[in-house]
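K.L.:
Okay, here's what each chain looks like letter by letter:
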Amino acid sequence: MPFLESEEENLPRRKGVLIMDEKTVRRALTRIAHEIIERNKGAENLGLIGIKTRGAYLAERLAKIIFEIEEVQVPLGFMDITLYRDDIQTKLDQPIVQKTEVMFDVADKIIILVDDVLFTGRTIRAALDQIIDFGRPKLIQLAVLVDRGHRELPIRADYIGKNIPTALNEQVVVKIQEVDGEDSVTIEKEKRK
Amino acid sequence: MKLKSRHLLGLEGISKEEIGLILDTAETFKEVLERPIKKVPTLRGVTVVNLFYEASTRTRISFELAEKRLSAELVNFSASTSSVKKGETLKDTVKNIEAMKIDMVVIRHQSAGTPYFLTQCLSSSIINAGDGAHEHPTQGLLDLFTLREKYKKIEGLKVVIVGDIKHSRVARSNIWGLKTMGASVAVCGPTTLMPYEIDKMGVGVYSNLDEALRGADVVNVLRIQLERQKGGLLPSLREYANEFGINSDRLKRLNPNFTIMHPGPINRGVEITPEVADGPYSVILDQVTNGVAIRMAVLYLLSGGEGKVE
Amino acid sequence: MNKKTSIEAELIIAGGRIIDPASKLDKVGDIYIRDGKIIKIETKKLIPRKKIRFSPEIIDAFDKIVTPGLIDMHAHLREPGREDEETILTGSEAAVAGGFTSICCMPNTQPPIDNQESVKFIYEKAKSAKCKVYPVAGATKGLKGEELTEIADLVKAGAVAISDDGRPIYSSSLMRYALEYSKMYDLPVISHCEDLALSSDGVMNEGFVSTVLGLKGIPGVAEEVMVARDIRLAEFTKSRVHIAHVSTEGSVNLIREAKRKGVKITCEATPHHFTLTDEIIKTFDTNAKVNPPLRTKKDLDALKKGLKDGTIDCIATDHAPHSIEEKDVEFDAAPFGMVGLETALGLVITELIEKKVLTWIEAIARMTINPVKILKLNAGQIKVGMPADLTVIDPETNWVVEPKEFKSKSKNSPFGGRKLKGRAFLTIVGGKVAYQS
Chain Z
4 MPFLESEEEN LPRRKGVLIM DEKTVRRALT RIAHEIIERN KGAENLGLIG IKTRGAYLAE
64 RLAKIIFEIE EVQVPLGFMD ITLYRDDIQT KLDQPIVQKT EVMFDVADKI IILVDDVLFT
124 GRTIRAALDQ IIDFGRPKLI QLAVLVDRGH RELPIRADYI GKNIPTALNE QVVVKIQEVD
184 GEDSVTIEKE KRK
Chain R
24 MKLKSRHLLG LEGISKEEIG LILDTAETFK EVLERPIKKV PTLRGVTVVN LFYEASTRTR
84 ISFELAEKRL SAELVNFSAS TSSVKKGETL KDTVKNIEAM KIDMVVIRHQ SAGTPYFLTQ
144 CLSSSIINAG DGAHEHPTQG LLDLFTLREK YKKIEGLKVV IVGDIKHSRV ARSNIWGLKT
204 MGASVAVCGP TTLMPYEIDK MGVGVYSNLD EALRGADVVN VLRIQLERQK GGLLPSLREY
264 ANEFGINSDR LKRLNPNFTI MHPGPINRGV EITPEVADGP YSVILDQVTN GVAIRMAVLY
324 LLSGGEGKVE
Chain P
1036 MNKKTSIEAE LIIAGGRIID PASKLDKVGD IYIRDGKIIK IETKKLIPRK KIRFSPEIID
1096 AFDKIVTPGL IDMHAHLREP GREDEETILT GSEAAVAGGF TSICCMPNTQ PPIDNQESVK
1156 FIYEKAKSAK CKVYPVAGAT KGLKGEELTE IADLVKAGAV AISDDGRPIY SSSLMRYALE
1216 YSKMYDLPVI SHCEDLALSS DGVMNEGFVS TVLGLKGIPG VAEEVMVARD IRLAEFTKSR
1276 VHIAHVSTEG SVNLIREAKR KGVKITCEAT PHHFTLTDEI IKTFDTNAKV NPPLRTKKDL
1336 DALKKGLKDG TIDCIATDHA PHSIEEKDVE FDAAPFGMVG LETALGLVIT ELIEKKVLTW
1396 IEAIARMTIN PVKILKLNAG QIKVGMPADL TVIDPETNWV VEPKEFKSKS KNSPFGGRKL
1456 KGRAFLTIVG GKVAYQS
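Residue numbers (the working numbering), protein chains in the order written: chain Z, 4 to 196; chain R, 24 to 333; chain P, 1036 to 1472.
Calculated directly from the structure, the hints in this document are not laboratory data.
Take the hints with a grain of salt, since some may be wrong.
Each computed DSS-like pair below joins lysine-lysine, with the alpha-carbon atoms no more than 30 angstroms apart [to be verified]:
#1 Lys223(R) <-> Lys1339(P)
#2 Lys25(R) <-> Lys178(Z)
#3 Lys1340(P) <-> Lys1062(P)
#4 Lys1162(P) <-> Lys1408(P)
#5 Lys39(R) <-> Lys102(Z)
#6 Lys1456(P) <-> Lys1467(P)
#7 Lys175(R) <-> Lys61(R)
#8 Lys102(Z) <-> Lys175(R)
#9 Lys39(R) <-> Lys1317(P)
#10 Lys1390(P) <-> Lys1439(P)
#11 Lys1317(P) <-> Lys1339(P)
#12 Lys62(R) <-> Lys141(Z)
#13 Lys223(R) <-> Lys1333(P)
Chain P residues, not near chain R, derived (Cβ > 12 angstroms throughout) [claimed, not checked]:
#14 Lys1059
#15 Leu1081
#16 Glu1182
#17 Ser1206
#18 Val1260
#19 Asp1344
Idealized CB from N, CA, C, for every residue including glycine.
Make the full structure from the sequences, and use the hints.
P.N.:
Here is the structure:
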């Protein structure tokens, strides 16, 4: 099963404004890892769940950093939220469903949900519903690399790599090493159709 | 990647990529079925009608479960042919049902081509749950899924379908699907139950079971209907069991790591002996489990949005 | 003399290419008509075109083909009983639109045409029809295959043949008696050849296509064993048998052999059987469900060969109207049959003449003089003194079959949307224009 194809890859390359590069991404993730440990007083009862595609790799990286700091192996899961989307009946083609792999018990854990960009909040809503179908966590927190605003639901992030105020016709493009061969965040002017 | 048609009428003409997509999607749904809450909200607001004009237990339950686990609304309609024949036509029945705002129709009918006929009367997506001796595509898909699960790939497998090929929609859907996925297929059964020019479908044709089984990886055993004896197609079920029944002695001719399949319901002691049906190589119950996942995948992939004309 | 005749004529068909198979005539000429009869055929001193334009009694047939009025010896007109599907009137309207001036209606109506009264009923109704209608009467009472009808009475009332069409005369002994008895009146028995045990509940040709579709098959042998039986019975009784709607290669071969041996056998083929194969059923189109079923390419080629070498005497439509309600159902539940009167000529021209299977004269013979010889009708020839039943064909016109525009009450044709070349331009029945395109 191929990993979800990067939607951006199919688009013609457009020059954008570079907001974060490899170094700043790394720093942001390290800071988030520290904040998570600090806020939850250690890493003992944590569980990380990354939203596919890029959030999954970011969660993996956070787990690694947390291990480096605390020497605790935080259980890691990946989630595809397609089946919980609220726009499934209005899309022309059904999105390809990927596997959800949450191999640990979420009940009574502090779950850190990880994604690359926080935008309307709809993806997070879907992920929250899905997590709750897996069990009843003690707490769910949200970590994102970029918060670009324009929320359509009452959702906020607990840990943010960078706040990037954007216009609706702009597009935030997150690239990460594991998928795109580089770490970067850029803003592109034109909104994709 | 998406399915070319908004209906699933058969596996004839369905591409390798499309089958691959359905099987991949079914893998995800199989994982859903192992969750504590075996249900996702995906098809909330979608209404599915299960139209069963022919008796069926497992296919109907399997579709119902698949619909429920996708949070679809479902309505069941079962009718015996006789009562329907006296009353309104099939077209009137389905037109009336569609007028109640439904999105998808799952149909089982004793007359081949009826799902195709429905695509011309209705605007809903139509899923064939078995039409006469024509096709039973979800059964074909779940058989492919079960084989892929065990062998990782279907290409190169040698599959023998044994029994009443003439009257079997399962055989036809399996032949199309297996051939598309690169398996080599043979059919074996009494010559009276072999349809005309079946070899032109690209399958080996045998009337000697021992020859057919030699070197095969998979045996798909079809149910033999009692009525065939009355129609003069078979002298007796006893003779059928002797000549075409799968027993443990015959399994020796198969390749190691072989598989026994049966679409059910089983006539134990006729087409298959109990010890073979229950043997470690039998995937008969896996087929049933996988049926739900396959049907969820099909329902999901066919339930596009409003602009689903394309 | 010429001038005088032209004044006396009520109608002149001028300047057309006259094809009359009976007299082997194929020449441009003028046909003079008076009192419903042909009074003169002029192929030398033709009326100049200028004059044609200004004379209302002269029909310009320049670039057209003029043939004896076409005859369909096999149509189902559904009256009495199913007037919602067709009547003798609407059937005759469809016939003249298709270029036919005489049609024979089969007896499987409700009730069937199996006694003198019902034969008279057909003739009574036919008085107001657009073309001539000749009843074929039942061979057995109620078409039940149990007792012979009163054949002498039927002949006196005007039945042109006897048949249980739609069903075979299943009992071989009854078939023997039907042949023997009708011999007294030199009446042909038209046989629908089908071994009902072999065809069973089949719905299409048994072949690779039925295997793929999972539809129950009617094997070619279901027809052939009955053709073989009827040949032997006709030979034994020295009677005339006519095999309806021959559909398989095997049947054609059996009939060819029988004719060689001198058996009094004739037969017909339908346009749908020499045009379509069972491949068309792949879309489960119930309009293509017909009995005998559409066969394979091999059979289609054999029919064409049989038409060419004269094994097959006639082209007949087996026009079988069915209501939309009856056909708009699942394939197994639909009745057999398709309409054919309005597509037959176009299919003959497109599939046989254009494709060089038959010459014009051969094709027209199979739709005129050949059925006339079998049924002994006073028609089918362009000859002085004969009834002026004529068909003027526009051989070059290209058209698309649109069942909605059919004159027939029923629209169950699998040819909808098909492009055809050639159709009737004018149909004259008894000297009167019955149809003009």
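K.L.:
Lysine 25(R) and lysine 178(Z): Cα distance at most 30 angstroms?
P.N.:
holds, 26 angstroms
K.L.:
Is it true that the CA of lysine 102(Z) sits at most 30 angstroms from the CA of lysine 175(R)?
P.N.:
holds, 17 angstroms
K.L.:
Check the hint pairing lysine 175(R) with lysine 61(R) against an upper bound of 30 angstroms on the C-alpha distance.
P.N.:
Holds - the C-alpha atoms of lysine 61(R) and lysine 175(R) are around 25 angstroms apart, at most 30 angstroms.
K.L.:
Given the proposed pairing of lysine 62(R) with lysine 141(Z), does the C-alpha separation stay at or below 30 angstroms?
P.N.:
holds, 22 angstroms
K.L.:
Compare the distance between the alpha carbons of lysine 1456(P) and lysine 1467(P) with 30 angstroms, and conclude whether the hinted pair is satisfied.
P.N.:
holds, 26 angstroms
K.L.:
Sort out whether lysine 1062(P) lies within 30 angstroms of lysine 1340(P), counting only the CA atoms.
P.N.:
Roughly 27 angstroms separates the two Cα atoms, so the pair holds.
K.L.:
Confirm or reject the statement that serine 1206(P) sits farther than 12 angstroms, beta carbon to beta carbon, from all of chain R.
P.N.:
holds, 22 angstroms
K.L.:
Would the non-interface assignment of valine 1260(P) survive a Cβ cutoff of 12 angstroms against chain R?
P.N.:
Holds: least Cβ distance 17 angstroms, greater than 12 angstroms.
K.L.:
For lysine 1317(P) and lysine 1339(P), compute the direct alpha-carbon distance and say whether it is at most 30 angstroms.
P.N.:
Given that 30 angstroms is the threshold and the Cα spacing comes to 24 angstroms, the pair holds.
K.L.:
Would you mind confirming whether the straight-line C-alpha gap from lysine 223(R) to lysine 1339(P) stays at or under 30 angstroms?
P.N.:
Since the Cα atoms of lysine 223(R) and lysine 1339(P) sit roughly 26 angstroms apart, the hinted pair holds (cutoff 30 angstroms).
K.L.:
Could you grab the alpha-carbon distance between lysine 1390(P) and lysine 1439(P) and see if it respects the 30 angstroms cut-off?
P.N.:
At roughly 28 angstroms apart (the allowed maximum being 30 angstroms), lysine 1439(P) and lysine 1390(P) satisfy the hint.
K.L.:
Does the claim that leucine 1081(P) lies outside the interface with chain R hold up, using a Cβ gap greater than 12 angstroms?
P.N.:
holds, 54 angstroms
Checked against the numbered hints above, the structure violates none of them.
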